Every structure is written in structure tokens, then in C-alpha cells.
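The listed protein sequences correspond, in order, to chains Z, L, U and D. Note that this note's numbering has the first sequence beginning at 1, numbered continuously upward. Note that this note's numbering has the second sequence beginning at 120, numbered continuously upward. Note that this note's numbering has the third sequence beginning at 617, numbered continuously upward. Note that this note's numbering has the fourth sequence beginning at 948, numbered continuously upward.
Be a bit skeptical, because a hint or two may be false.
Each pair of labels, with its calculated beta carbon distance range [said to hold, decoys possible]:
| hint | chain 1 | residue 1 | chain 2 | residue 2 | range |
| --- | --- | --- | --- | --- | --- |
| 1 | U | P809 | Z | D70 | 26 to 34 Å |
| 2 | L | R232 | D | N1050 | 30 to 38 Å |
| 3 | U | Y718 | D | A980 | 21 to 29 Å |
| 4 | L | L172 | D | I1005 | 47 to 55 Å |
| 5 | D | I1005 | L | D175 | 36 to 44 Å |
Computed list of lysine-lysine pairs in PhoX-like fashion (alpha-carbon distance at most 20 Å, straight line) [claimed, not checked]:
| hint | chain 1 | residue 1 | chain 2 | residue 2 |
| --- | --- | --- | --- | --- |
| 6 | L | K274 | D | K1113 |
| 7 | L | K479 | L | K607 |
| 8 | L | K226 | L | K274 |
| 9 | Z | K65 | U | K696 |
| 10 | L | K274 | L | K607 |
| 11 | L | K559 | L | K226 |
| 12 | D | K1315 | D | K1407 |
| 13 | L | K228 | L | K559 |
| 14 | L | K559 | L | K607 |
| 15 | D | K1407 | L | K281 |
| 16 | Z | K104 | D | K1113 |
| 17 | L | K559 | L | K478 |
Below, a sample of chain D positions facing chain Z; criterion: calculated Cβ distance under 7 Å [said to hold, decoys possible]:
| hint | residue |
| --- | --- |
| 18 | H953 |
| 19 | L968 |
| 20 | L972 |
| 21 | G976 |
| 22 | F977 |
| 23 | L1093 |
| 24 | D1104 |
| 25 | R1106 |
| 26 | M1134 |
Hints in this document: simulated from the structure, not taken from any laboratory. Because the structure is a prediction, the values reported are computed rather than measured. By construction, the Cβ of each residue, glycine as well, lies at the ideal position given by its N, Cα and C atoms.
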Amino acid sequence: MKLFEFLGYYNYWVFAILLMIGFYAVIAKANLIKKLIGLSIFQSAVFLMYISMDKVEGGTAPIIKPGVVDQLYSNPLPQVLILTAIVVGVSTLALGLAIVVRIKERYGTIEENEILDAD
Amino acid sequence: MSPQLAIMLALVVPLVGAALIAITGRLHDNLRETVTLITATLLAVIVWSLVPLILDGERPEVTLLQVMPGIDIGFRVEPLGMLFATLASSLWIINSIYSIGYMRGNKEKNQTRFYICFALAITATMGLAFSANLFTLFLFYELLTLSTYPLVAHKGDAGTVKSARVYLGVLLSTSIALLLTAIIWTYHVAGSGDFVLGGILRGLMDPASVGLLLALFVFGVGKAAIMPVHRWLPAAMVAPTPVSALLHAVAVVKAGVFTITKVIVYIFGADYLFSLPQSGWLVYLAAFTIISASLVALRQTNLKRLLAYSTIAQLSYVIMAAAILKPMAEIGAAVHMVAHAFGKITLFFAAGAIYVAAKKTDIAQLRGIGRRMPWTMAAFSIGALSMIGVPPTAGFVSKWYILGGALQAGHYVAIFTIIASTVLNAAYFLPIVYMAWFEKEDTSINTNTSVIKEHGEAPLLMVLALTITAALTIGFFFFNGTVIELEKQIVPRLDSS
Amino acid sequence: MTIVFAIFLLTMLVITAVAIVQSSNLFVSVMLTSIFSLLMSTNFFVLDAADVALTEAAVGAGITTVIFLSALALTATQEKPNRSGRGIALIVVGLTASLIIYATFDKPRLGDPDAPVHQHVAPYYLDNTMEQMGFPNVVTAVLSSYRGYDTLGEVFVVFAACIGVLFILDARTGTGPKYVTRKMTGLRHHLIPQVVGRILVPFIVLFGLYVQFHGEYGPGGGFQAGAIIATAFILYSLLEGEQAALRAVPRSAQLGLVICGALMFGMVGVLCMIMGGEFLDYSVLMENPVTARQIGIIVIEAGVGMAVCGAMLSIFHAFAARSAEDTDEAV
Amino acid sequence: MDFAQHLPALQVIVPLLAAPLIVLLQPRGFAWAATTATAFFSFAVSIAIAVRILAGDILRYEMGGWFAPIGIELRVDAFSAIVLLIISGAAAISLIAARNSINQQIEDHRQPLFFAAWLLAIAGLVGMVVTADAFNIFVFMEISSLAGYILIAGGPDRRTLPAVFKYLIIGTIGATFYLIGVGMIYMMTGTLNLEDMAQRVVGIEDQRPILVAAAFVFIGLALKAALFPLHVWLPNAYTHAPHMVTVFLAACGTKVAVYVLLRFQFSIFQSFGEHLLQFALFLMPLALLGIIVASLVAMFEGHLKRMLAFSSVAQIGYILMGASLMSDSGITASTLHMFNHALTKGALFLAVAKFATQYADLRIDSLKSAARSMPLTSFAFVIAGLSLIGVPGTAGFISKWQLIMAIMETGNMGFIMVAIVVISSLIAVGYIWRVIETLYAIPTDDLPDDAADVSVKPEKIDMLLIALIFTVAMNIYFGLVPGLPLTLAELSSKILLKVEF
């Protein structure tokens, strides 16, 4: 079972690493689309964190099997939350991309520093 | 008329007056000015009707509304406020008469705005005089600052706006930064800011903090123009002369010294302060202001600026008197407010009259002017004598009381200051009087056209106004019993000691 | 075995993420993002979150990628090199990282059935869903009933995004709506995708409908179904061109779908209020609370599906129509 | 089940459901009217709620008929009620005034979408306030954020777009941070209901995740609330947004984030060890620094809207400084200032919007002598400006009074804070007076007097002007009779500090 414990930590580390990669891209990249890509990695990392905590050792997806007793199920609540969060994420992304498209039209560039220079 | 109603009317009448002025201003000038005069007279009648009650020892109160728990907008008439309100409302009539002459004679623009703001300033003054607690006082204090700003900036050109900025900047900054802090501190310590005879802070603070609080009050009340927060007063000389009169005699600076006196008498309690050495510095500061302002005045070449510095010195008289903390001195402080008001308004009226008639502003231009404008210069001379404190003028009465108080306290610095400043006053006023009456008119300095050279007296209304104030200055020497009686009430506890 | 697979997946996720950020070709980045989503989806599946996996696959790998690509077509495909701002980024990221690592130590371990998450609220759902709802998928039960209000909010987030994109992309110095779509041939000249795609489209729609109406019993529900059906239509418009796609589902119909979906959800809630219950308390709709809840859930799930599908289509077409104009102008 | 019990739900769902209806029924002019009507209905609901709260109730509503913590609970107490009043009041006033200004800035065919977004913004903001569920706050935060981006993106200038983009990125980061924080608390407590969380957080032995969660929630919300130094998105967003949107957002946008922040810090983390003290020690310097720095920047800012935007950042500092005192009076001052500042800033931005109807360029210099053509607007600006400075008789004074009172209770250390409040008030005098002088300046000589008089168009009396005057009057009314907000603020502080009463 040691491997399972390792997976637990690993899951959490990957969450942290992904979060940092995404966050880094958002801050450091000047390209607006790249920023949004970073943002979506950033959000995905959080999804991973939530889903990691719903796991129950020896459990299955939370779809009740009638007649089966003593079956462990994973926690449905984080899943529900993340379903919502995923849709929220794509909505934000779409809006962000729409703005980027307009920026390209008005400024002719999607690089942050060039936009700043233009004004 | 119940006293409560009278108090409310004293606030409402000038306010309604302002509204009526705004309406009639569009219709006709004469109508507008009639409204001003009627309002002023009505107000004076209302305020005077309260005097007998106060003399009988009554203290009518009105609470308008409770803003926050423990914090009311309320009014309570007591002798100091009564005196101030009576003074301001009475002088408003005279000042209005004078204003009409001045504004017309000078063909000023925006006269309606001028009269509206004037009425608002008087409203604020009434509220300030009758305020029952620090909160109400502060409310009207700021209203007074704001309503006089358009008056100071009346001319509207770049230089005037700049000076008006100094005026507003100093007054608003000091009040928000220091006075408000002091007030909130008082509320915090005492749980209220009500004006109670004998003070509300006794035993609630350690002596060092009392000294600090006093400093916050003194410097926070920028209107009292104690050094170093006096800069606004010379700056405000850009205003039309009736406004200067309002600032120096009727309302603004009087509001300053009134506030400080009221705080000393009703918040700290004079005898409590006297028992604390930490409050002694105030006399020295006031003395310093008196002497240095007088010295600065000595070097002025512009008549109005000279008068401004003279005011600074005279205000510190009041503060010094209040800070001596002895009964006679407290009475002297109150009396000096009146005496100085009469004297200074006369001087300003005269200066304004000279400006309107001859367009002269410098002292050096005044040679021989007494022959052309005998009434004006006679009044000027009376005012000047009152400033020096020569009997039979009002100035003598107050100086008498202040000196008495200083002797009572054995305060030698104060005594010396009074003597020295009397000499200095004489040194800057008497030469002007001498020049005006006894020297020949100097045509070389007056480079203006001959039209102006051939001037006589100022418009009749202005001469009328300044004659009245000059008469009051002398009259006060003989008939000051009521005022003394009134103000004795603010020091009953000390009176026996 | 699963655990090894999970560890492998997680490692791949990190590698992909690094590659995404490193690549200066935006097209490559976007394609890698799609792969990233698929990996993530698989990982969710390993962690017993079937519903989320399905959603991530449909939304993350599918719709997101398409929208990204349409935006790329309108902007740029190459990132310009820029090195400024790295220092600050590293500091901020470092601080955040240390904060998270600090929290690691006291965390409950993975899969611990005694962890607080599995104690308080969650067991209630697992124990009562069958009895109160009459169907086995607890995720659907929580989504549409226990926390139906969240889902309502989510539908309106989608709605907001939809009107936002329409609003922002419609803003060409105002001479009325620009619903003009020029010739766009799609992939008509390419035979194989054409044939394969045409066969696929109806099946995708069918699958979407299955996911929609089977949500109570297996993984799935309105979100997934909406996203999947939207994918089918997007595929159709890629194959047949914008015009044909818009003939099939006009813009007004897309927007109408969103509005009807959102309103349907909301009106069910209001109906519950009128019938004397609380907002979204479906049990008052009929005599038998269990049946009533099932009916309510079916209706609101349909609303969710319509709203998501319509919104995704609207958003896609808002981008796609613009690229059609732009290419025309360029020519 | 009577109507009154549905109040908390109605507060949210009416604007929420009205939004798609407006997109559905598109005829011109209808969008504005319907939106305004909805906003006024919302306002009426808030007032009804406030009345119930003042009567001593706490309104609870179980969404979907599921009891907390199984379902989502709505819970309205005094603290929520005052924020609800701010939001719906700001919405009602800005919308009723908005028509001409929006017609000027947004093309006709886009207006239904725009107004739908406005309704979603209202629904999102009130949704965050009424709910008692941590995740539900996130959902409604996203609704309000997305709607907010849309509203701001309606600005005509191209600089709007980078500003919105920046706001979108920072807003999303903030929301995600919040989500991480909530996730960690959920992980440790197993619940999402705020009250339930507060109870369960007490017994936890492993404190680190909770502390980290507190940090994440704090940073996330501070980003949304534009707490210095996380305010970078705010000035540009406010400057380039359509004028009426600025009115609305300046009055209530950031305050809701502050609301959630205080809720979390006090309700959930309060019972948690030394946390509150750490929070205060961390927050106070930031608040003080924000007050001073943002005020100074405002002082040297040449664009009227940007200047006011920076002043908003400083005011957020005031609000949070009050809270960081952690005392009853401190939180009272803080809550009261939220209300009063909404009134003041709303009035100021309304005046700006009115100026914008005649002046295309809103740099301060180009507003020279505006008082000639727009005397009422200029005068309203003066009064609102005085309220911002904190002159007695205005709403701003009351909150400043309460704040300084609260600081004085802390003893000697307080003098530094008093000094900072005072200094920033003086700076406010500086920047407000600069505008007032410009407004009332005499026209320069290069324009002959007659020409100036010919070009002056009389000030048009429209809904915008009436709304402006009304708001200014409210500034004075609540400066003299602050009973309503004060009572609510006092109740709020007792609720946050969990004082029995």
C-alpha cells in the first residue's frame, strides 16, 4: 500500500506543480493567448486538487449499485463542484478570447508590451 | 415668542433670506438688496430678543436631531454665544448697508452670489454661536469656511483664486487635521462634547495629554489666526472690503477666538486648566503672536495688509486673555471680541471707502486725504485709537479688563506684552492718522488720472455705515454695562475666589 | 496496476504542461492543451470521477480547443519572444508554492475513508439518493437537486459568457448586426474527413442524447450532453462550412436555445415556489415527492443541456463568423 | 409559505431570470426600461429585507427544500442587509440615470445584451451576499465577474480592451485562489456551509491547511476587492468603462468582495487560534499604505475618472483599516464606510457621467469653467467632493468620525493611524479642490466673453441630473440622520464579532 500513499502525495505535488506552471505562464508571458492557456492550466490544477480528495480507497464512482452492501463510493460532492467549475472555466476562457480577438483588431497585436507601447 | 423658537428662527431666517436673495436676484437688484436688509434687521431683532433672558440667567436649549447616539445637533444659548450672535447679527445690518454702497460703487460682478454667500455665512455664524456641543460647533465652523470661500475668491482671477486657495487650504486643513481630532478625542474621553460650565474633562486625562489636546484645539482653530496658522488672513485680503469686514469683524476670526474661548471655558474649564502647568504655553504663544504680528504690521505699505496683521495681533489678545484663566481676563476676552469688532470694522469700512472713492490702497498714498474725506478719516482715526486702547474708545475697556486679569494672575509676560503692543500699535497707526490729516497731498505718488484725483467722499451708504460703527466704538466706552453683566455669568465660580 | 497508470498519467500531465508553456508556436500549445485535457480526463476517471471525466473530455478537450483554434485564426499563431517579467513571476509563483507546500504536511492522505471530507455531508447524499430521488447516480442528484441552485448559477455563467462573447464580438463601429456570413467551404474538398465526418455527426448527437437522458443512471447529464451535441454541430460546420451550419441551426435558434434552457430551469424553480415549496424544491410538483423530483430533474437537466449546447454553438459561431469576414476582407 | 419568506430568494432570482427575458424580447428601449424596473424591484426587496432585519430577524431560506448543510442555504443578517441595500440601491440609481449616457456610448442593437449583463451583475453580486454557502459564493462571484467584464468592455475607447483583459485575468486568478482556499477548508471540515464550517473548524487539530486556506481566501478576495497593492486592475477598468457602469461598479463592485472577505475572516477563522490577530497585523499595514499611496497617486492624476478610481483604492483602505482594528466600533466604522462611500463615490461618478454628456475629454484640465454651462452638476460635484473629504454635514464625515473614534479606543498606538487618516483627508482636500477650482475657473482670455457665452449650452435637466441631485441629497441626509446605516452597521459588527445581543 506504500505505492498508494505515494500516489496521494504525488497527486498533491502535481497539483502544486501544475498550479505553478499555469500561474507562471499567466504572469510571465506577454502573449495574451498564452496567458489564457496558462490560466486554463491554472484552473485545471485546482480541479485536480478537488477530485483528488473525493477518492476513497477501494471505492467506485458514486453510482449506487442496488443490492450491493458495503460498497464504498467516492465522494460525489467535489465532483459536482468541479463539474460546475469546469463550465465556469470554459466560459471565462471564451470571454477572454473574445476580448483578445478585439484587441488584435484594434491594436494589431496580442503582445502585452506592444499594446502598452501603442497607447 | 418662545426662546426655542427664537433660536430656530435665528438659523432659519438668514437661510430663507439666502433663498429669497437667490430668487429676487434674477428679478431686480433693489429688490434683492431690500431682502438682504430686511433679513438682517429681522435677524437682529430676533437675536436681541434673547438678550434679556440670558441676562436673567436662562439658558434656552433646542436639540435639532440626534445624529449618532450621544452626538446631537443641538443649540444652547449662553452668554458668550449670546454676545457673539448679537454682535454678528447687528454688524450684519451695517455691513449690508455698506456692501450695497461698495458693490455698486465698484460695479462688482456676481453680486447675487455675493449676497447669498453672505447670508449663508451669517447662518453658519448663528449656528456656531448657539451651538450646544462641539459637534454642532464643528459643523457650522466648516460651513462658515465653505460659505466664505466664494466670497474671498469673488474676483475670480488667477491671483485671487490662488489666495483663496491659501484661505481655504489653511482653514480646512487645520480644522480637519487638528480640530476634528481634538473634538473626537474629547468625545472619546468625556463621552460627550457638551459645553458645560466648568468643563467636562476634569480628572479624565493626564496633564500631558491635556496640554496636547489644548494644542490641537488652538492650532486646529485656524480661524483664530494664531501663529503659525495665520497665513490665510493676509491672503484673504484679496476679497472685496465688505468681505474683509465680515472676516475681521463680523464673523470669521471672531468665530475662531470664540471657539477657543468657549473650549477653554466650557470644555476644559478655566480653573482646571489653571491648575495645570502644561497649559501655560498658550499665553507665551499668544504673546509671541501679538508682538511679532505687530512688528510685521509695522513694515506693511498696503493699508489692508496692515489691518490684517493688526487683526492677527488683536486676536491673540483675546486668546491670551482667555489663556490667563482668571475671571477678569475671561471677561476681558469676551469684551475684546466686541471692542475689536467695532474698531476693526470701522477701519475696514474706511479703507474700503478710500478704495472706492480714490482707488488708493497704499499707506503712502494717504497723505492729506483727510481733507477730501473728512468723515471717513475721522472714523478711521477713532478706529485706530480704539486699536491702541486710548479712552474714550472701546479698546480701552477691554484692555483694562485684560490687564486686570493679568495682574490678578501676576503674569508678567502678559503685562509686558500688553504694554509693548500698545506702543507698537501706536507706532503703526498714528503715522497714518498724522499723514492723513496734517500732511499735504502728494501728487507725485498718485500717478492715476485726474478724474480719480478729484474725488470727494465715498458713496453715502458707505459713509453712513462707517459713521455708525465709529459711533459704536466710542459708545461702547460709555455703555458697556450690559456686556460686562452678561459675561460675568461665564465665570461665576471664579468670581467668588 | 491502476496506481502505476495514475502515476504515469500525472507525470505526463506535468510534462505536457511544461511543453505547453515552453512552445512558442501557439497552435502547438493549443493542441497540447487538448492533450492535456484528455490526460486530465483520464486521470479523473482513475480517481473515480466518471462524470467529471466525461465533462472534461467534452468541454476541455473538445469545445475549448475549438474555441482556441478559432481565436488563433483571428489573431496570431506565433508567440513573440519576451523575457521581461520573469523575475516577478518567479517570486510570486515561489511564494504561492511555499504556501501550498506548507499546507501539505497536515493534509489527510489520499483515499482515506476517515478523512473529514467523507464524513459530514457526503454520506448523507450516498445514503439517501436512492430513497429520495429514486435513481442511482448520486452526482446527478447532488447536481440537480441538493445543490441545484449552484447549477442554476452555473447555467447563468454560461449564459453570461454567451451574451458576453456576442456583445464583445459584435462591436464593429455600429451599423447594425453583422450577421453576414460569406462563402466558406469547410472541408468539402477533402473526401475522407467529409465521408467519415458525415457518418459520425448523427452518432455523436445520438450519444449526446443518450448521455442527456441516461444521466440519472450512469455518468452524464445536461452539461456533458450539451457539450457533446454542440461538438457534433461544430463538426458539421467544419465539414460543410459556416453557411450550411447556420442554415441547419440559425443564430437566433442558438441564442433561443440558451435562453429557453436558462428560463426552463428558472421557471421550474419559480413553479416550485408557486406550488408552495421553496425555490427549486421539486418535491412539491406532484403528489409523490420522488416522482416529482425525477420529473423536475429531467426538466432542469434538459434546460441545462439546451443552455450549454446553445451557448457553445453561439460562442463558436461568433468566432467563426468573424474569421469568415476577415478572410474575405483579406482577399 | 407566505411571500415574505421568499424574500432572500427573490432578491437573486428576479434579476437573474429577467436577464434572458431581456435578450429574448429585443425591441429597442424596452431593455433599459425593463432592467430599470427590475432593479427597482430588487431595491424594494432589499428594503423589505432591511425592515425585517431591523425588526430583529435573521432570514434563512433553504434552497430546494434541503436543510443546511446538505443543501444550499441563503442567510441574510444585518451585515448582508446593508450590503444588499448598497448593491440594489446603486443599481437602481445608476440604471434610472443611465439611459442617455448609455445611448451615447453603446450602439442600439447591442443594448439588450448589455442590459442583460447588467442584470446578471446585480444578480451575481446579491447572490454572493445572500448565500451562506462557500461554493455558491464562487458561482455567483463568477456570474458577477463575467457580467462585470462585459459591462466594462462596453467602453468606447480601445484602451478598454486591455483594461478588461487585465481585469479578467486578475479576477479569475482571484476567484481560483478563493476556490483553492474553499477546497482546503472543505477538505478539513467536510462542509461548505459557512456556519457549519465555523463550528467544525474549531476542533481541527491539523491547523496548517486551514491557515493556508485562510491565506488563499484572503488573497483571492483581496484581488477582487482591489486591496492595495493588488489594485492594479481597478484604475484602468474604472476609467475606460462606460460612465454609468463606473457609477454602478464604483458604488458596489469591490465592496461585495470586502463583504465576503470580512465574513470569512470573522465568521470562520475567528475562533481559529491566533489567526485573527495575524490577519489584523497583516491587513493593517496594507490598508494604511494603500490609503496614503493611492491618495498621493490620485493627487497627481490628471484624468478625472482615474483620479476618482485611485481615491476608491484609498477608500478600500479605510474600510479594511476599520476592520483590522477588530473591535466593535472598528467594524461598525468599516461597514458604515462601505455604505457612505458607495453614496459618495456614486454621486461623484454620476457627476462625471453628466460632465461627459458635454465634455468628450475628461481630463481635469479640459473641464475648465464647466460650472458656467453646468452649474447644477458642478455644485453637486462640490457637495459630493466634500463628502469624500469628510466635511461635517455629509455622509463621509460620519464614517470618518466613527473610524477615528474606533482608532482612539486602541490607545496610544492609534495616533499614527489617526495621523494617516487625517493626512489622507488633507490629500483628498487637495485633489478634490483642484477639480473644483478648475470647474469654477474664469474662462481664459483667449476666448472673448461673448464667444464663451454663445457656446454655452444650457444644462439639460434629465434623469441623470435628477439622480445625481438625489444622491447628493442622500449624502447630506445620511450625514445628518445616519440612523439607518448606523444601526445596521452596529448590528453587523455584533454579528461578525459574535457578540450576544
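request  = Could you tell me which of the hints above the structure violates, numbers in ascending order?
outcome  = 1, 3, 5, 6, 7, 9, 10, 11, 13, 14, 15, 18, 19, 20, 21, 22, 24
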